[in-house]
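*Asks:* Reconstruct the complex from the two isolated chains, following the hints.
Order-wise, the sequence lines are chains A and B.
Just so we're aligned, residue 1 is where the first sequence starts under the numbering used here, counting upward by one.
Just so we're aligned, residue 1 is where the second sequence starts under the numbering used here, counting upward by one.
If you are wondering where the hints come from, they were derived from the structure by calculation, not from laboratory data.
Each hint should be verified, as a subset may be incorrect.
[Said to hold, decoys possible] Pairs of lysine-lysine, DSS-like flavour, derived with a Cα cap of 30 Å:
#, chain 1, residue 1, chain 2, residue 2
1, B, Lys169, A, Lys49
2, A, Lys52, B, Lys161
3, A, Lys52, B, Lys147
4, A, Lys40, B, Lys126
5, B, Lys35, A, Lys75
6, B, Lys169, B, Lys115
7, A, Lys52, A, Lys40
8, B, Lys169, A, Lys40
9, A, Lys13, B, Lys147
10, B, Lys35, A, Lys52
11, A, Lys49, B, Lys126
12, B, Lys153, A, Lys49
13, A, Lys49, B, Lys115
14, B, Lys115, A, Lys52
15, A, Lys13, B, Lys169
16, B, Lys140, A, Lys40
17, A, Lys75, B, Lys24
18, B, Lys35, A, Lys49
19, A, Lys49, B, Lys147
20, A, Lys40, B, Lys115
21, A, Lys13, B, Lys161
22, A, Lys52, B, Lys169
23, A, Lys13, B, Lys153
24, B, Lys161, B, Lys126
25, A, Lys49, B, Lys161
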Amino acid sequence: MKNEALHSQFGAKIASYLSGEMNPGERVSFEQEIAADAEKGELFSEYSKIWKGVDQLAEQSGYNVDEEWGILSEKMDFSGKRGLPGNTRKLRAFVFRAAAVLLIGIAGVAGWVVVRNMNAYEALAVEEGSETFELSDGSVITMNAGTTLKYDTRENSGERRVILSGEAFFEIARDTARPFVVEAGSAVIEVLGTSFNVNAYRENETVEVTVHSGLVSMAARSKTGKQILLNPGNAGVLYKTGKQLDIVSTADPNDIAWKTREMVFSGTPLGEVISVVNHVYRSNIVIPDPSLMNCTITVSFRDQELGAVLEVITSTLDLSLSREEGQLILTGEGCK
Amino acid sequence: MTREKELHTAGKIDKTSFEALFRKFFPALMAFSRKFLPDEDDAREVVHSVFINLWERRDTLDTSGSLKSYLFTSVHNRCLNTIRDRKKFSDAEVPESESDIDVQAQLESMELEEKIGEAIASLPEKCREIFEMNRFQGLKYAEIAEKLGLSVKTVENQMSKALKIMREKLAHYLTIVIWILWNGLN
Numbered sequence: 001m002k003n004e005a006l007h008s009q010f011g012a013k014i015a016s017y018l019s020g021e022m023n024p025g026e027r028v029s030f031e032q033e034i035a036a037d038a039e040k041g042e043l044f045s046e047y048s049k050i051w052k053g054v055d056q057l058a059e060q061s062g063y064n065v066d067e068e069w070g071i072l073s074e075k076m077d078f079s080g081k082r083g084l085p086g087n088t089r090k091l092r093a094f095v096f097r098a099a100a101v102l103l104i105g106i107a108g109v110a111g112w113v114v115v116r117n118m119n120a121y122e123a124l125a126v127e128e129g130s131e132t133f134e135l136s137d138g139s140v141i142t143m144n145a146g147t148t149l150k151y152d153t154r155e156n157s158g159e160r161r162v163i164l165s166g167e168a169f170f171e172i173a174r175d176t177a178r179p180f181v182v183e184a185g186s187a188v189i190e191v192l193g194t195s196f197n198v199n200a201y202r203e204n205e206t207v208e209v210t211v212h213s214g215l216v217s218m219a220a221r222s223k224t225g226k227q228i229l230l231n232p233g234n235a236g237v238l239y240k241t242g243k244q245l246d247i248v249s250t251a252d253p254n255d256i257a258w259k260t261r262e263m264v265f266s267g268t269p270l271g272e273v274i275s276v277v278n279h280v281y282r283s284n285i286v287i288p289d290p291s292l293m294n295c296t297i298t299v300s301f302r303d304q305e306l307g308a309v310l311e312v313i314t315s316t317l318d319l320s321l322s323r324e325e326g327q328l329i330l331t332g333e334g335c336k
Numbered sequence: 001m002t003r004e005k006e007l008h009t010a011g012k013i014d015k016t017s018f019e020a021l022f023r024k025f026f027p028a029l030m031a032f033s034r035k036f037l038p039d040e041d042d043a044r045e046v047v048h049s050v051f052i053n054l055w056e057r058r059d060t061l062d063t064s065g066s067l068k069s070y071l072f073t074s075v076h077n078r079c080l081n082t083i084r085d086r087k088k089f090s091d092a093e094v095p096e097s098e099s100d101i102d103v104q105a106q107l108e109s110m111e112l113e114e115k116i117g118e119a120i121a122s123l124p125e126k127c128r129e130i131f132e133m134n135r136f137q138g139l140k141y142a143e144i145a146e147k148l149g150l151s152v153k154t155v156e157n158q159m160s161k162a163l164k165i166m167r168e169k170l171a172h173y174l175t176i177v178i179w180i181l182w183n184g185l186n
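Extracted from the complex, chain B is given alone in its bound form (with noise of 0.2 Å):
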């Protein structure tokens, strides 16, 4: 992984750095332990739990490692600790099937995450807005086609457009090392 190496940290944890830290990985950590405790809170109290632990740490912490694997690990791990003690209260409380989630595919998935963020951006203009109303925004292409007065059939177009550039840039990524994250993800 060549992305691993700018994370190792170099020094000391300070506000600043574990600041920037939580920004970039707030959201990515959310959306892995959403996969364990669906309910928005529990899901930020473990992340919450995980970084101020890792502020209290910063000075012991072995930092030989990568910060972004421990993030995860701990996520991780809290996530199993709060289901399993949610179970002293109800058996039927939590399903386990989401306890076999895979910290190094999550880990990679966010990789290609990382990549298709960047092609997305990389689309052009009116591509890219018919793409992110389509998938960020949860938009029918008929509600797109009616918000940027065109015709259904253009959104249609720009969506395969968007996939089709997409698919071309992300190449790479698609024939190497996806099947192994398909396989931990699925």
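Here chain A stands alone, though its shape is the one from the complex (with noise of 0.2 Å):
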């Protein structure tokens, strides 16, 4: 612009415009003026093009680089293969025998088929501790104690179908081919390809579903009740009798404690703090008076084992650890 003085004038009301510093009022004003005059117009245009340009630049200055960098490396694996932690059991899952077709022939077909669907789950089963198992097609399922799943063998059938009982975090490998289907008391979860957690022992009164990555889709096997979708952040919660389907947002920072043996609690009253210590334990600690149930804790525990788990709590709130029975009971003065 040649004029130096409108200029800077000119370029404080742009920047205040631009800025969302205006009313209403200003704003439409200060639009008739850009309108009228195309040497002001064509400044503007040059401002708001830097300044849409440094809105983009704003929206990548968010992101922690070494952070980011750390959450991939932990993905990946640099030595060439891609592998899995530990005790991982490598399943056959979902593999088409093709050798059997072979040999069957055309004239045994229908047979076939038939004693196919006879068998095709296979069940596996955890009773202590959580195991953790691979599929064939790279789907990776970890089970809690007393669970039990039921998976397809056929690879034919057009989706990935199992059927759990019990708990399982699932970390499902991506085919929009296949469908991952999972059959959970009342629920049929399906998926394409994300990982989540299925909460569904039969003692339970709900089916919970909790997403950790993707969208998983939600519904109750009846087919008469609707179906949710499931972000990462949400979770699903099918009410025993079928009817009642519900999404709760979570920010639960316990739902997989069982697989990681991380527990956050901030603030958390201790009724809470025992329920997920009894989930992730498999232990049976009660508490007798309600009083205790005010106290808070603020604590986070990392793979410790139960005896430690509960140093750290008794000691934080005053309590004492009596055991009768198979319960392990807290007592204590309470809390105001």
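*Replies:* Given below as structure tokens:
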């Protein structure tokens, strides 16, 4: 702009327009001003281009690249092969047994299909602790104690179907042609490639699905109910009757603590803390005195033994622990 | 594009050059990915899968083209795949309006963003501080004035000074390249 004085004066106006500092009245008269004067209009368009570029930069400035590199590195194996942690068992689920087909031939097809359908499911069971399995499609399933999982051994079924009783964390390999389907209690959960936790112990009143990545579809098996879509940070809760299906937002940092043995409590009431501990350690800790429930605790645990966890809780809140008929009983003064 | 040259890989990708690529392009790829997938975790999953794929294919990848272009094109394709997959679940889930965002325009706008970054860095100390508080931290003039113990008028002057300096530094780009970019991005 030729006129320097006009430039700096008008520049300030543009800046405050673009920053949203103007009130609606000022905005309207500013817009009229630039529409009426070509030189001002041109200056405004240049400034707003810079502004957009700055905004795009600002969108990128929120990422901590060190942290992000750490997240990616954890997922990767730089030795060349992609591996899985420790004691993962590999399974031949979803593998089409081509050899069998060749032997049976056309005449045998009908009979084979029936036989295959009857024997299509194989079962896995974990009684204590937790165990990790890898299916042949690359999906990894970690099962919690007291969990059984039946999986379809056929490959030609157009989907990957498992039947779950208990609790498991699923990291599903993406295969858009064949959705992964989990039947759990009264719920049916369908995904394409994602990670999520399903808590469907028979004694629970609900089936709970929490999503860690990707998108998960959940519905009641009755087929009459609605279908819900869950995003990371959401949980789907289906009540046992199979009638009520809700989405709740989980900020629950402990939903897969049973798998990671990492628990985070921040001003959490004792009752809730103990319920998480019982879930993670399959322990039976009870608090007979309701006044203790008001006590809150802020602490985090990383792969600690139950004894160490209880030691921290009891000494923090000045509680005593006694053992009676397989139960651990917490007693104390209570908190105001 | 003068900058393209240095992004051709002279040889094989090793762990060091892979990490450097990630560090250089992650923020821009994330911002690009989020244009399609507003959820941050979804967007990150796409960017991660592109890098993992790059690493796994590092021996067979044709590196005669630009890696930058390869990365943005891959993110673009994977985002569109994700959106398409989701439609299997629900017709109404994802708006398609974003799917015509052009990779080429994005690459070119990155050039400009680099220049803008340099221009911001070159601003006088106080001026830069105020500009960044407003644009990067989203503070209003009054909030900046209070934090820094200045008058709102001073903040206003510094903001206009920042824009003026940046316009001078970017004059070349603004006249030559920009009209292409914003045709593509708007």
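*Asks:* Each of the hints needs a verdict: does it hold here or not?
*Replies:* Now the hints, each set against the structure:
Between B/Lys169 and A/Lys49, the direct Cα distance comes to roughly 14 Å. Compliance with the 30 Å bound is thereby established for this hinted pair. Note on A/Lys52 and B/Lys161: the hinted pairing holds, with a Cα-Cα distance of about 17 Å set against a maximum of 30 Å. The suggested pairing of A/Lys52 with B/Lys147 holds, with an alpha-carbon distance near 26 Å, which does not exceed 30 Å. For the proposed pair A/Lys40 and B/Lys126, the alpha carbon gap of about 27 Å is at most 30 Å, so the pair holds.
Straight-line distance between C-alpha atoms of B/Lys35 and A/Lys75 comes to about 24 Å, which keeps the hinted pair within the 30 Å bound. Between B/Lys169 and B/Lys115, the direct Cα distance comes to roughly 9 Å. Compliance with the 30 Å bound is thereby established for this hinted pair. Restraint check for A/Lys52 and A/Lys40: satisfied, since their Cα atoms lie roughly 18 Å apart, inside the 30 Å limit. For the hint pairing B/Lys169 with A/Lys40, the CA-to-CA distance comes to about 19 Å; that is within 30 Å, so the pair holds.
Between A/Lys13 and B/Lys147, the direct Cα distance comes to roughly 22 Å. Compliance with the 30 Å bound is thereby established for this hinted pair. Between the alpha carbons of B/Lys35 and A/Lys52 the distance comes to roughly 14 Å, so the proposed pair stays at or under 30 Å and holds. The hinted pair formed by A/Lys49 and B/Lys126 meets the criterion: a straight-line CA distance of about 23 Å does not exceed 30 Å. A hinted pair counts as satisfied when its Cα atoms are at most 30 Å apart, and B/Lys153 with A/Lys49 qualifies at roughly 24 Å.
Taken as a hint, the A/Lys49 and B/Lys115 pair is honoured in the structure, with Cα atoms around 13 Å apart against an allowance of 30 Å. Between B/Lys115 and A/Lys52, the direct Cα distance comes to roughly 13 Å. Compliance with the 30 Å bound is thereby established for this hinted pair. Under the criterion of a C-alpha separation no larger than 30 Å, the hint pairing A/Lys13 with B/Lys169 is consistent with the structure, at around 20 Å. Restraint check for B/Lys140 and A/Lys40: satisfied, since their Cα atoms lie roughly 25 Å apart, inside the 30 Å limit.
Under the criterion of a C-alpha separation no larger than 30 Å, the hint pairing A/Lys75 with B/Lys24 is consistent with the structure, at around 19 Å. Of the supplied pair hints, the one linking B/Lys35 and A/Lys49 holds, its CA atoms being roughly 18 Å apart against a limit of 30 Å. Of the pairs offered as hints, the one joining A/Lys49 and B/Lys147 holds, with about 28 Å between alpha carbons and a cut-off of 30 Å not exceeded. Note on A/Lys40 and B/Lys115: the hinted pairing holds, with a Cα-Cα distance of about 24 Å set against a maximum of 30 Å.
Between the alpha carbons of A/Lys13 and B/Lys161 the distance comes to roughly 12 Å, so the proposed pair stays at or under 30 Å and holds. Only pairs whose Cα atoms come within 30 Å are accepted, and A/Lys52 paired with B/Lys169 is accepted, the gap being roughly 16 Å. Restraint check: the Cα-Cα separation between A/Lys13 and B/Lys153 comes to about 12 Å, which is no more than 30 Å; the hinted pair holds. Between B/Lys161 and B/Lys126, the direct Cα distance comes to roughly 11 Å. Compliance with the 30 Å bound is thereby established for this hinted pair.
As the CA atoms of A/Lys49 and B/Lys161 are separated by approximately 16 Å, the hinted pair is consistent with the 30 Å bound.
Comparing the model with each earlier hint shows no violations; every hint is respected.
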